[in-house]
Amino acid sequence: MIGVAKVRVDAAAKRARAGFMLALQAGLAAGLAWYVAHDLIGRPAPFFAPIAAVITLASSVGQRMRRTAELVAGVAVGIGLGDGIILLIGTGPVQIGLIVIFAVLVATAVGGGSPLIVQSASSAVLVATLTVQTGHPWTRFFDALVGGGIGLAVMTVLLPINPLSVVRRAADPALRAFTAGLHEAALGLSDGDPDVIQAALTRLRSAEGTFANFRTAIEAASENVAFAPARWRNRGALAQYVEGAPQLTYALRNVRVMIRRAQTALNDRERVPEMLPASVRHLGDAVDLLRQEWSRGVEPVATRERALRAASESGRAYDTGVGYSGGVVVAQIRTTVADLLRATGVEYAEATRQVRDAVGWRGRPHGARNRAARSRPAPPPPTV
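Residues are numbered in this note's numbering as their position in the sequence shown, beginning at 1, plus a constant of 6.
Simulated from the structure, these hints should not be mistaken for lab results. Every residue gets a Cβ at the ideal spot worked out from N, C-alpha and C, and that includes glycine. Hints are supplied without guarantee of correctness; some may be wrong.
Label pairs and their computed distance ranges (CB to CB) [unchecked claim]:
{"#": "1", "residue 1": "Tyr-256", "residue 2": "Ser-171", "range": "43 to 51 Å"}
{"#": "2", "residue 1": "Val-307", "residue 2": "Tyr-256", "range": "15 to 23 Å"}
{"#": "3", "residue 1": "Arg-275", "residue 2": "Ala-29", "range": "56 to 64 Å"}
Take these sequences, add in the hints, and give me the full structure.
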């Protein structure tokens, strides 16, 4: 029981540390929003200014600048519409429904995404369910603009979250899923089990969502670094992710093709040399090493070495003899290795040369390779 309680306490402390910067941002933004609206502008009770500031910060973690601006606009539009309708027809359940309808319609008409629509509707409800304000109309609308603008300034200029940490948190599940899918595919090839191969393919298809989050985090972090002078020092480490992410996307697509052909090879009872699953396993190791080396901000030397080892093992498998689908698997492994090398910063021509050297095809023309492949004895037919 003591051990379980300690684990829970440690987990809670870890979550608190992860959320500390957001809490600090929200506190600073709320205080500044009240100060600007109340003390500088002279609003008597600008409670929507800190509300808008906190909503902007809490809802825009890891989002791009455009989506964050939509949040600010959504809060202000919802409050403005709510005030206007209440002034015209009063309050009540019917009015609340009308306010939400108009808020969603306006947000949709201006081409806003889901953040703008959601925040417009929720802010309108907030206005409609509070006591009607006294004083000039539309003042709460301007309070919301002040608060949202200050929230935006805090998150991008005054106290920006470390964009490198955001990207690393997004990259970790994507690369772990990629690694697990490759290792599972290697196991399926080694055991000759098409069902395990299918499970690996399903895992990698599911990884598309984590890769989409990874790309979104990179885009947001790039904008954050551009707007936040305090984070300019992270540009070098962030560049590894920014430049490598597209190549990883290509690698994921090639691996999925490779796994489908591996499943076909097993279903057709093609010969699978032991070097082929070893090559796929090395690919998984290379992706995991890339995750670790990127996280530490070091040159991904170990990743390159392991990826080229995967290429070398695939070349040995090809020379031993593979069937039609096995040949496609080998080709996709080589292409994926080139993608991984590109992800580590190797130029295209150099990546291609290194893969050819690792496979053992340096200086050999394509025709020679084709003749060698045709001269190999055909594998024995499968036994029934």
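Hint check:
no., hint, in the structure
1, Tyr-256 / Ser-171: 43 to 51 Å, "violated, 26 Å"
2, Val-307 / Tyr-256: 15 to 23 Å, "holds, 21 Å"
3, Arg-275 / Ala-29: 56 to 64 Å, "holds, 60 Å"
Hint compliance for this structure: hint 1 is the single one not met.
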